[in-house]
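First to last, the sequence lines map onto chains A, B, C and D.
Oh and the first sequence: position 65 is 64 in numbering that gives the first Met the number 0, straight run, nothing missing.
Oh and the second sequence: position 198 is 197 in numbering that gives the first Met the number 0, straight run, nothing missing.
Oh and the third sequence: position 226 is 225 in numbering that gives the first Met the number 0, straight run, nothing missing.
Oh and the fourth sequence: position 146 is 145 in numbering that gives the first Met the number 0, straight run, nothing missing.
These are calculated hints, taken from the structure and not from any lab test.
Some clues are possibly wrong.
Said to hold, decoys possible - The calculated BS3-like cross-link candidates involving lysine-lysine, where the alpha carbons are at most 30 Å apart (straight line), are: (1) K81/B to K23/C; (2) K135/A to K213/D; (3) K167/D to K126/A; (4) K31/C to K85/B; (5) K175/D to K129/A; (6) K22/B to K213/D; (7) K85/B to K73/C; (8) K213/D to K81/B; (9) K48/D to K292/B.
What follows is the residue order along each chain.
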Amino acid sequence: MMQDTFEPKIIAFCCNWCSYAGADLAGTGRLKYPENIRIIRVPCSSRVDSALVLRAFQNGADGVMIAGCHPGDCHYDTGNYHTRKRMMLLKSLMEFMGLDEERLLVKWISGNEADRFKDTVESFTSKLKKMGASGKVRDLRCAK
Amino acid sequence: MKPVIAAKSFEQLLKALHQLSSKYLVVAPTTEDGVEHYRPITQMSEEQKSQVERLSLRNQPPLGSVKPFLFPDSEIYIEFTKKDGKLDVQTPRASVPQIILGAKPCDVVSLELIDKVFLEDPVDGLYQEKRDNTVLIVNQCDEMGANCRCDDFGVQRSTGSADLLMSKDESSGKILLKAQSEKGNILAEELLKEGMEENPVFREPKVPVKEALESEKIQQAMDDFFESPFWEELAMRCIGCATCTFYCPTCHCYDIRDFQRKEQGARYRTWDSCMFPDYTRMAGGHNPRPTRKDRVQNRFYHKLSYFVKNEGALGCVGCGRCGEKCPVGISMDTVLNRIGGEVNDK
Amino acid sequence: MTNNPLMPINAEVINIIPESNDVKTFQLKPEKPLDHMPGQCAMLSLLGVGEALFSITSPPGRDYLEFSIKRVGKLTEVLHQMEPGQTVGIRGPYGNNFPVERIKGKKLLFIGGGIGLAPLRSLIQYTLDRPGEYPEAKQLIYGARSTDDLIFERDIFNAWPEEKNFEVNLSVDVEAPNWDGFVGFVPQYLEELSPDPQDTVAVTCGPPIMIKFVLQTLEKIGFNPDQIVTTLEYKMKCGIGKCGRCNLDEFYVCKDGPVFYLSDLNQMKSDFI
Amino acid sequence: MCKITEELQQIAAELLKEGKVDLVLGYTKGEQEEQSVPCIVTQPEDASKLIFDEYSEKALSKYLLEESFQDKKVAIVLKGCDQRAFKLMQDESRLGREDVYLIGVECPGMKWGEDLSPFCLHCDYRTPAKEDVDSLLTGADIPEAMQGEPLDHEDSFTDINRLEKMSKEERFEFWKRQLNRCKRCYTCRNACPVCTCRVCVFDRENPDYIDRAKDQMAQHQFYHVIRAFHVSDRCVSCGECARVCPEGIPLHLLNQKLLRELDKFYGEYQAGIDEVPTPLSHANADEPDFFGKEGKA
Numbered sequence: 000m001m002q003d004t005f006e007p008k009i010i011a012f013c014c015n016w017c018s019y020a021g022a023d024l025a026g027t028g029r030l031k032y033p034e035n036i037r038i039i040r041v042p043c044s045s046r047v048d049s050a051l052v053l054r055a056f057q058n059g060a061d062g063v064m065i066a067g068c069h070p071g072d073c074h075y076d077t078g079n080y081h082t083r084k085r086m087m088l089l090k091s092l093m094e095f096m097g098l099d100e101e102r103l104l105v106k107w108i109s110g111n112e113a114d115r116f117k118d119t120v121e122s123f124t125s126k127l128k129k130m131g132a133s134g135k136v137r138d139l140r141c142a143k
Numbered sequence: 000m001k002p003v004i005a006a007k008s009f010e011q012l013l014k015a016l017h018q019l020s021s022k023y024l025v026v027a028p029t030t031e032d033g034v035e036h037y038r039p040i041t042q043m044s045e046e047q048k049s050q051v052e053r054l055s056l057r058n059q060p061p062l063g064s065v066k067p068f069l070f071p072d073s074e075i076y077i078e079f080t081k082k083d084g085k086l087d088v089q090t091p092r093a094s095v096p097q098i099i100l101g102a103k104p105c106d107v108v109s110l111e112l113i114d115k116v117f118l119e120d121p122v123d124g125l126y127q128e129k130r131d132n133t134v135l136i137v138n139q140c141d142e143m144g145a146n147c148r149c150d151d152f153g154v155q156r157s158t159g160s161a162d163l164l165m166s167k168d169e170s171s172g173k174i175l176l177k178a179q180s181e182k183g184n185i186l187a188e189e190l191l192k193e194g195m196e197e198n199p200v201f202r203e204p205k206v207p208v209k210e211a212l213e214s215e216k217i218q219q220a221m222d223d224f225f226e227s228p229f230w231e232e233l234a235m236r237c238i239g240c241a242t243c244t245f246y247c248p249t250c251h252c253y254d255i256r257d258f259q260r261k262e263q264g265a266r267y268r269t270w271d272s273c274m275f276p277d278y279t280r281m282a283g284g285h286n287p288r289p290t291r292k293d294r295v296q297n298r299f300y301h302k303l304s305y306f307v308k309n310e311g312a313l314g315c316v317g318c319g320r321c322g323e324k325c326p327v328g329i330s331m332d333t334v335l336n337r338i339g340g341e342v343n344d345k
Numbered sequence: 000m001t002n003n004p005l006m007p008i009n010a011e012v013i014n015i016i017p018e019s020n021d022v023k024t025f026q027l028k029p030e031k032p033l034d035h036m037p038g039q040c041a042m043l044s045l046l047g048v049g050e051a052l053f054s055i056t057s058p059p060g061r062d063y064l065e066f067s068i069k070r071v072g073k074l075t076e077v078l079h080q081m082e083p084g085q086t087v088g089i090r091g092p093y094g095n096n097f098p099v100e101r102i103k104g105k106k107l108l109f110i111g112g113g114i115g116l117a118p119l120r121s122l123i124q125y126t127l128d129r130p131g132e133y134p135e136a137k138q139l140i141y142g143a144r145s146t147d148d149l150i151f152e153r154d155i156f157n158a159w160p161e162e163k164n165f166e167v168n169l170s171v172d173v174e175a176p177n178w179d180g181f182v183g184f185v186p187q188y189l190e191e192l193s194p195d196p197q198d199t200v201a202v203t204c205g206p207p208i209m210i211k212f213v214l215q216t217l218e219k220i221g222f223n224p225d226q227i228v229t230t231l232e233y234k235m236k237c238g239i240g241k242c243g244r245c246n247l248d249e250f251y252v253c254k255d256g257p258v259f260y261l262s263d264l265n266q267m268k269s270d271f272i
Numbered sequence: 000m001c002k003i004t005e006e007l008q009q010i011a012a013e014l015l016k017e018g019k020v021d022l023v024l025g026y027t028k029g030e031q032e033e034q035s036v037p038c039i040v041t042q043p044e045d046a047s048k049l050i051f052d053e054y055s056e057k058a059l060s061k062y063l064l065e066e067s068f069q070d071k072k073v074a075i076v077l078k079g080c081d082q083r084a085f086k087l088m089q090d091e092s093r094l095g096r097e098d099v100y101l102i103g104v105e106c107p108g109m110k111w112g113e114d115l116s117p118f119c120l121h122c123d124y125r126t127p128a129k130e131d132v133d134s135l136l137t138g139a140d141i142p143e144a145m146q147g148e149p150l151d152h153e154d155s156f157t158d159i160n161r162l163e164k165m166s167k168e169e170r171f172e173f174w175k176r177q178l179n180r181c182k183r184c185y186t187c188r189n190a191c192p193v194c195t196c197r198v199c200v201f202d203r204e205n206p207d208y209i210d211r212a213k214d215q216m217a218q219h220q221f222y223h224v225i226r227a228f229h230v231s232d233r234c235v236s237c238g239e240c241a242r243v244c245p246e247g248i249p250l251h252l253l254n255q256k257l258l259r260e261l262d263k264f265y266g267e268y269q270a271g272i273d274e275v276p277t278p279l280s281h282a283n284a285d286e287p288d289f290f291g292k293e294g295k296a
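Using the sequences and the hints given, assemble the complete structure.
Right under this line is the structure:
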């Protein structure tokens, strides 16, 4: 695929209390961010486990983004501490298995950080554009 | 007169078969990370190719049997596209002719046992097509491997449906092939064109003959043994994995699944294992074989009793793979020794 | 592709009749006719969703096949959303059938529970269609969880009670307003009614737990195992005795069943329920 | 007969004779050479079947969760790693200590083919602590390689170092080749003494995320990542996953890699020795934040 025409698909799991609000604010503030992103609202970033991340890649995501509250701000006190622990492990396991761990992005974005949300999506999109399509984790059950 | 042909060396045979790989898928036993399987020779590294002779002529089957090439672990039989409410259904291409080099007598007999199930009316066309398209080059073992029990199951000399018999002449290093079927004849002709020569004699291996178990006796002993507390003990030891069934060359159970993403979809059948609880568990939650004892018993009874009643033969060829790979050391012997003992006690 | 017995043919959905909250009857017209006998089953499938075995609930000789299907899983969920004019995959018929010869001239007792009336209906209608061959008295004992769960209302309330020599007894598990029938479980009702076993054959189908107690009750009220016929339902994938999972001893329920005499089931080493 | 086997047979016979237990779960000689297999003894006279040697690898503790072991008084033979697994189940309230009679044994190190298992070379908990078991049998014949200090993690699991030095693409190819052989027989899951979920996510009724379709690489990755992850911090380093894999896939490398990472960032933790909670079942503010280098915007 030509690099300049490649539009990566990004699945973004956004925590209900901060990052989803941040994305919402970006929208109401008419901040323009790449259309590559599909947002899935989760009650807390710690809801996202390794299975969800892998399922997203299997089903065609080129990048997966997990956005939660800043450490210390979690609505449930410790949710995002779990997130960072698990996702660090998942990233190192992915790297150890030769998978592209840089396609998994974890970011803390609060409810008033519309700009940060926009910047994150923009830089992640352009990084994935440079990397090209992901092919290492793909569900090929009905691929021709 | 059955033609016998000879290759100067195993290397020459392998080269000749390589030449035919545009027409046939040629598979042979080799190792990968120390694990023995049949693999297409075109996909082998030089190191892997060097393993083929040893494993082909060895008196012991590789870990993986030839079954996956006739009854694949996964096989799509309907592909479809659903677009704008229109359904377009395709069936996948027909299978390609294939040569299996270095098949063992136990695996050949295991295919004959699967034939009894799949080729009985209604004939399983998916299997039949591959069976008709497969040329088996078989070498007879002249001794038994460490975990083999083929003598008990009477398969040591059984090479009935082998297309070509293979043996090595130790003095000259020649590899001799004797065709014994139409498919075998055709392949022998083709190999002659690839530089192999005609040979007047085929060296018959000296296969020791031992009296085999009588299937009806085993079946009767099994049936008498059904209520024994032995099964509960065995089930307590079994950890419920599917190793025994997935490496068994005679297991033929399968599952049928559908998958669809967006417009693309497929229906396929895949191996399944009677050791898994969800094998018999129904959508409503009812399970006619709810305990591990039921499942362990069913596996052994299927092989040693039901198969005899339905197909007239024991459903085991004594290849020893299940016992070799069982993480808790349960083998066919574990049961056979017990029912044998039980029968004698009476 | 060579002959693949797993390959379905198309069948058009010509009518869908809602039976209860979670049961609908589908009238299907296969592109090639499937000749079946009462008690036999067929595989219905939707590509991309799945395939499952259902008993044929219409008697032979109609120009359509009927399947009464309860919404319990992935496939049935999608089937329930279908509309007439759409297509499903079908293959079959599979299995043996009710012993229509052996029960000739006998009094017939049908005992059904919930969706278990579906296969019985095929046989009931078959015998009603042939009064000359099945002239003796017939009785149906049918129960469901609640009045809402009774299926084939047009048959059990209207058509069948009108038939000569056919007694219909209905029950529900829980009390309901305007219900003057029996309240309780089918085996209890059976015991209360205690039909005369003389020259009678009992045919039963229902959820496993009901079958278990119905069989006990039947024997208690004097039926011999060779007077009792039941149908079994196991998980099935191929329908032709090859995929392995539905065996009961050496018999495959899809091929050698689903209809068994209790006298035969009693011979089995494995528990059948 | 070695000392431990002798004492084990005595204890087992006594326990059964006195009716203190209904059965003794231990090892006996297998049908193959150099093989010991799990064994259940219910009669005192059968206690002589029991043995303990360097092939008694199978972790027995998980059997206790099986239905057929419920409502029975069980005596069980535990090596160090098995006792860790037992303790973990106990700490996680999966079973009660009082229902079981624990026979701890000093482990001489288990054989992997000709060699000693790398787990055993690294192990510093060969023998269960005296206070954790009801009887402790010592006096095993310890091979020379295991007599000194146990090897460092780096030195026993050298394959991890080797893989880490490879390029990402080489690593991907390595695991692709290995995992391609996986048949998903679930032997690794069923043999693992800390894989104890009541209903496994892979045993659900027809899940659409896992089956045995062609081109299953993604599903193999899915299964093995989740398996390694689910037991990562609870791994007792017994080595069963790698031993039982019929395809010889070095599954333990995934677990040990995760353990190494956990130890590096959150301090050393040994499941079944140290107190619960296990590292992944709690989290707090003081732990390193890998994803917030730029701080709040």
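We went through each hint and held it up to the structure:
1. Taken as a hint, the K81/B and K23/C pair is honoured in the structure, with Cα atoms around 26 Å apart against an allowance of 30 Å.
2. Simply put, K135/A and K213/D have alpha-carbon atoms about 16 Å apart, close enough for the 30 Å limit, and the pair holds.
3. A threshold of 30 Å between alpha carbons decides the hint, and for K167/D with K126/A the separation of about 18 Å falls inside it, so the pair holds.
4. Pair hint K31/C plus K85/B holds up; C-alpha atoms about 21 Å apart against a cutoff of 30 Å.
5. For the hint pairing K175/D with K129/A, the CA-to-CA distance comes to about 24 Å; that is within 30 Å, so the pair holds.
6. With a C-alpha separation of about 24 Å, the suggested pairing of K22/B with K213/D holds against the 30 Å cut-off.
7. Restraint check for K85/B and K73/C: the C-alpha separation of about 22 Å stays at or below 30 Å, so the hint holds.
8. Restraint check for K213/D and K81/B: the C-alpha separation of about 21 Å stays at or below 30 Å, so the hint holds.
9. With a CA separation close to 23 Å, the supplied pair K48/D and K292/B stays within the 30 Å bound.
Checked against the numbered hints given earlier, the structure satisfies every one of them.
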